[in-house]
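Colleague: Each protein sequence line maps, in turn, to chains A and B. Mapping of the first sequence onto our numbering: position 410 corresponds to residue 410, and the numbering continues sequentially without gaps. Mapping of the second sequence onto our numbering: position 228 corresponds to residue 228, and the numbering continues sequentially without gaps.
Heads up, some of the hints might be wrong.
Label-pair distances were calculated between CB atoms; the ranges are [stated by the list, open to error]:
(1) W268(A) - T143(B): 30 to 36 Å
(2) K412(A) - A200(B): 52 to 58 Å
(3) F113(B) - D50(A): 43 to 49 Å
(4) H129(B) - G177(A): 20 to 26 Å
(5) F38(B) - G206(A): 41 to 47 Å
(6) M18(B) - R212(A): 40 to 46 Å
(7) V22(B) - T162(A): 23 to 29 Å
(8) W54(B) - G258(A): 32 to 38 Å
Because the hints were derived from the structure by calculation, they are not lab data. Glycine included, C-beta positions come from ideal geometry on N, C-alpha and C.
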Amino acid sequence: MTVVATLAACSSGSSSSPQSSGAGGGTISLWTHNGGNDAELAADQKIVDDFNSSQSQYTVKLQSFPQASYNDAVVAAASAKKLPCIVDIDSPNVPNWAWAGYIKPLGLPDSEWSGQLASTVGKVNDKVYSFGHYDVALAFYTRKSILQSVGARVPTVAQPWTKSEFADVLAKLKATGKYPYALDLGTGGTGEWITYAYSPFLQSAGGDLIDRSTYKKADGVLNGAQAIDWAGWMQGLVKDGYMSAKSGADPTADFANGKSAILYSGSWADATVTKAFGDDALVIPPVDLGQGPKVGGGSWQWAITAQCDNTAGAQAYLKFSHQTKYVAALAKATGTIPATDAAAATMPEYAAGGASEIFRTFAQKYAVVRPVTPAYPFITSVYQKATQDILSGGDPKTILDKVVSDIDNDIKQNGDYAF
Amino acid sequence: MAGPAVALLILFIVVPVMLAFVLAFTNARLISPRPATFVGLHNFANLFSDPVFWASLRNTFYFAVVVVPIQAGLALVLALLVNAKVRGTNFFRTVYFVPVVTSMVVVSLLWRFLYQKDGLLNALISAVHPSYAPIDWLNDPRTAMPAIIVMSIWQAVGFHMIIWLSGLQTIPAELYEAGDLDGAVGWKRFRYITWPSLLATRTFILITITIAALSLFTQISVMTQGGPLDSTTTVVYMAVRTGYQQLATGYASAISLVFFVLVLIVSGVQRFLTREKD
Numbered sequence: 001m002t003v004v005a006t007l008a009a010c011s012s013g014s015s016s017s018p019q020s021s022g023a024g025g026g027t028i029s030l031w032t033h034n035g036g037n038d039a040e041l042a043a044d045q046k047i048v049d050d051f052n053s054s055q056s057q058y059t060v061k062l063q064s065f066p067q068a069s070y071n072d073a074v075v076a077a078a079s080a081k082k083l084p085c086i087v088d089i090d091s092p093n094v095p096n097w098a099w100a101g102y103i104k105p106l107g108l109p110d111s112e113w114s115g116q117l118a119s120t121v122g123k124v125n126d127k128v129y130s131f132g133h134y135d136v137a138l139a140f141y142t143r144k145s146i147l148q149s150v151g152a153r154v155p156t157v158a159q160p161w162t163k164s165e166f167a168d169v170l171a172k173l174k175a176t177g178k179y180p181y182a183l184d185l186g187t188g189g190t191g192e193w194i195t196y197a198y199s200p201f202l203q204s205a206g207g208d209l210i211d212r213s214t215y216k217k218a219d220g221v222l223n224g225a226q227a228i229d230w231a232g233w234m235q236g237l238v239k240d241g242y243m244s245a246k247s248g249a250d251p252t253a254d255f256a257n258g259k260s261a262i263l264y265s266g267s268w269a270d271a272t273v274t275k276a277f278g279d280d281a282l283v284i285p286p287v288d289l290g291q292g293p294k295v296g297g298g299s300w301q302w303a304i305t306a307q308c309d310n311t312a313g314a315q316a317y318l319k320f321s322h323q324t325k326y327v328a329a330l331a332k333a334t335g336t337i338p339a340t341d342a343a344a345a346t347m348p349e350y351a352a353g354g355a356s357e358i359f360r361t362f363a364q365k366y367a368v369v370r371p372v373t374p375a376y377p378f379i380t381s382v383y384q385k386a387t388q389d390i391l392s393g394g395d396p397k398t399i400l401d402k403v404v405s406d407i408d409n410d411i412k413q414n415g416d417y418a419f
Numbered sequence: 001m002a003g004p005a006v007a008l009l010i011l012f013i014v015v016p017v018m019l020a021f022v023l024a025f026t027n028a029r030l031i032s033p034r035p036a037t038f039v040g041l042h043n044f045a046n047l048f049s050d051p052v053f054w055a056s057l058r059n060t061f062y063f064a065v066v067v068v069p070i071q072a073g074l075a076l077v078l079a080l081l082v083n084a085k086v087r088g089t090n091f092f093r094t095v096y097f098v099p100v101v102t103s104m105v106v107v108s109l110l111w112r113f114l115y116q117k118d119g120l121l122n123a124l125i126s127a128v129h130p131s132y133a134p135i136d137w138l139n140d141p142r143t144a145m146p147a148i149i150v151m152s153i154w155q156a157v158g159f160h161m162i163i164w165l166s167g168l169q170t171i172p173a174e175l176y177e178a179g180d181l182d183g184a185v186g187w188k189r190f191r192y193i194t195w196p197s198l199l200a201t202r203t204f205i206l207i208t209i210t211i212a213a214l215s216l217f218t219q220i221s222v223m224t225q226g227g228p229l230d231s232t233t234t235v236v237y238m239a240v241r242t243g244y245q246q247l248a249t250g251y252a253s254a255i256s257l258v259f260f261v262l263v264l265i266v267s268g269v270q271r272f273l274t275r276e277k278d
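Here chain B stands alone, though its shape is the one from the complex (with noise of 0.2 Å):
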């Protein structure tokens, strides 16, 4: 019964992932009318010695450092609001799930429009600040990154608010009414009831946000393309720029060599940190 599956995972997993372990030793192009030869480790003595790629690999972890905890707690915040028991519950889980719906390429062109030097964001600060000095939000290496982080975040929380609700939601009652006998309520009932309950979810919410947040590329390519001065280029887009515009095949299968053995590591030691204790 698993054939099916087995042949299609082989076909559009396995395979390209076998394919990029070995073109990452070669000098393959995509275009070329010459056959790729085995370079041994060249491709990552060059992908070491370059500058951007340091800058890719220092904002990736720069991303994934400021959104994972922001995200899974803003996203735990707005379940628990949107859980308790009051009117109008399924309004606001919809107006937090709108930007998840909502593809990721038209976020973000609406938002380089809200962080243009005269766009809304600087219109709406001016309008509360008199002196202050219109910033340009993408295009200042200082604000690039945290500009790009913000949207970030508000696009993907819903989602994550969704399953920390359904993580919620699978809590029995009766936990919490022997918690109400016990006199646990407010900030205990969550700290000894909640919380506890939550660990699968919480597992499960932390490496996905993870992962998510390391292959960071969408943003990138329709709001900065990398810029200003290497601020925002990222692994992934490093990777895709090298292999579609440069059609530099070997050298952008070994940058994903290398990003698929970090994230490997990354979750690696996340699913260590978060095993269940006996």
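So here's chain A without its partners, still in its complex pose (with noise of 0.2 Å):
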């Protein structure tokens, strides 16, 4: 008798309105993960509310998730094949999705996407599954007086720092000991960071993750003779004394207090550097490790999942979002770069001359986007762990190879992730 009353107490509780995968009618469910984001949310909502008035025949539901538990959430929603009509996703993890049968295809014309920074689009096998209203750069802070103080030319666009010319640098900044670190890397950071990070290092020195040419192995491109250097290279500024294995909590906070000379970090740490340093403020290329300097691309994206059955409707919704007003309100909001030219020139900080016109150069000319194959989950995991232990003073060659047999296994085992 109890299991029955039990059992129906339970059921009672879970039959509050069904999460429905946008059929019935003209209702279309949208999960976003910045539920702890309140301008980024207003903004999304602006852009719901505007499309429910905008016409009579679809509406469309927002719902949002702290960041922290939104993947998974999805993950569960797919399994129990509740997955709403429209999901964000943070772009690396398209290809995996997609591979999965989550997401498909936009089906949105070709001609949509002119005009549209690469790294906000995603592309799997020539179709795109998504698309992202901002991306944001990855970038060098410092100070001008900082470089002056020790005679350093002030790297350009079109004359990066190369490699040597960097580590004549650091060691001049850290013979005037004014700094406990001349270098911060951010090297405290976790997680997605470190590959966010590190990898266009990687690739600047002219390794990579995986060979893009098959996306079927990491042998010769992860642990070759470049990929050595890169983490060599890492190794060395720790060895040196220039960085800290471990950075502290907030590295934005500590080039703000005057704990290092030069700061790596994302677009993001721009109005925090401004306000402490004003004019002194210095936002340069990330150093020329050979290949050009490179920085990571691609942020949180918008996709279709398989499971819609209001197709048109979704669709409609995700071309009325991509008007130029809300690609700018958007960017406005979370203090990112514009997806597309349009929206860019129409926010004054981002057209040309504008303060944070760099950026969208950065990402424009030196963005990367990480590896676009299903395995990515995997090997962003265990580069992770390798970086981590190269900082710590591990073995290069060692670390590297056991990495990428580790990720040539997985790839594998898994049938060469083919769709």
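Got two chains here, each in a separate frame; can you build the complex from them with the hints?
Modeller: Right, dumping it as structure tokens:
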């Protein structure tokens, strides 16, 4: 008897509004990760409201989740076949979710993406599965007065610092004895930050996370001579005392407080740095380790789920949200780089000569998206561990060989992640 | 009457455990369009040839071997102290118990600051020992695990103090009175009255601390992520990383299964050694 009563209680508790996957009439549900970010959520809600009042055929319902539990919610919903019609997705996960059958190609005309930053369009097997309203870029931050004090040249997009020039600057900065560490690469960070921040250096040195011609093996690219050079370079920065193997909890604050001379961070740090140093603040390209400076590309993007049975409505909404004014509004709300040329032109700070134009230039010229393969979650997990081991002084060759065999093994075990 | 309890037990304990047993022999993945297939002992073969697994195992036992006696002993000393009839006992009990009610995640975050190269600990040592070269406690393979051990003991010792205390208070006062008449004081009083009376408490504490120590995870996840150079990775941390970050459910299940067997053996041995001998 009691069992029945308990089960009945359970089912009555969970009978609240079934999360329809957009079925029935014209209701489209939309999930977003930005539950903790009021500005971004408000901008998204505004687009939804505008869309709902602009026509009477469809109604979009927005549901937000805290970022930390967002992916888990999607994975759980996917296994329960309860995905909403539209989800937002961190761009490196796009191939994995496409492979897993969570999301399907957007089916919008290619002309929709002209004038859009390449890193904000999630293309897998030549089909567009997702697009983003914004991107972020990585950069070196320093101060004019600091570079002057050691007689260093201000690097430009046309002529970034070379590896040896950078080493020379660091040596001089260290010699001043004014900074606990001359450089702060944010080595205290964890998780996806590590791949996002340090794989561009690997690519700048000529290596990569995986062989991008086939996406079937990492052997030779992640443990080749150039990758080992990169590892030696990262390790050398620690060994030579230029940076900490584990920097503080808030590298931007440390830089603003004068604890470091050069900071490596995303465009999101710009506001803090500008506030601290005003005109003295300087945004420069990351060091060129041989193949030109590189920065990570790709942020949160929108996709239509495979379970969506109201594709036309979802497409209509996404097309509506892609209007220039909304791209600009979202970029403004989040302090990020607008994804389209048209939106950038309407924002004074990103238009030619604007204070933030340089980040858009970096995103255009240097951005490398993380490998477009369903193997990415595995690759990033082992790369994070390897990078931390390298910074802690492990032998680069041994560490990278182990990572490569793990990655190649995983790809083989999953039938090359063939679609 | 046991109906609801049995239903919940089956749903949340038995089913997941059975699932882990089955999945350990498959190549199941958390996100995959392919159905899982049976791969026999493949996962276990991989596991036993993985140096990270052996490092995890070593670290787990290292942690348990150090933490179990020290934490149990320290908790007993604290319990004896706060059990003495002096003023302010309640105050001290509360003080020792405060870390227990604080979340381990919070404690780990705070201690990460203490252990930083320019953190409080190094500042204190420098103050008394000016020529001291600061150690980056959590980022040195030699000091990372000891640093986590110290913090873990500090956090959990209060809990076991309370259990010892409850054990101490079940000892009838008459035993001590009789002991007094026979001249049992000080060490003798502890050796012949207190210690034998705590047998049940002792067994309980030994087994709970051991199991808690073997499942070390939170501190590692927050403070070191298994680094530097695998000096702090543990079996549970490896299982979670494999299962949730690398999405390899089958492999993670195999790790959990091995862990389950280990805990079973260890607590079985302890149970045997601490059995009541007639």
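Colleague: Broken hints, numbered, in rising order?
Modeller: Numbers 7 and 8 - these are the hints that the structure violates, sorted from lowest upward.
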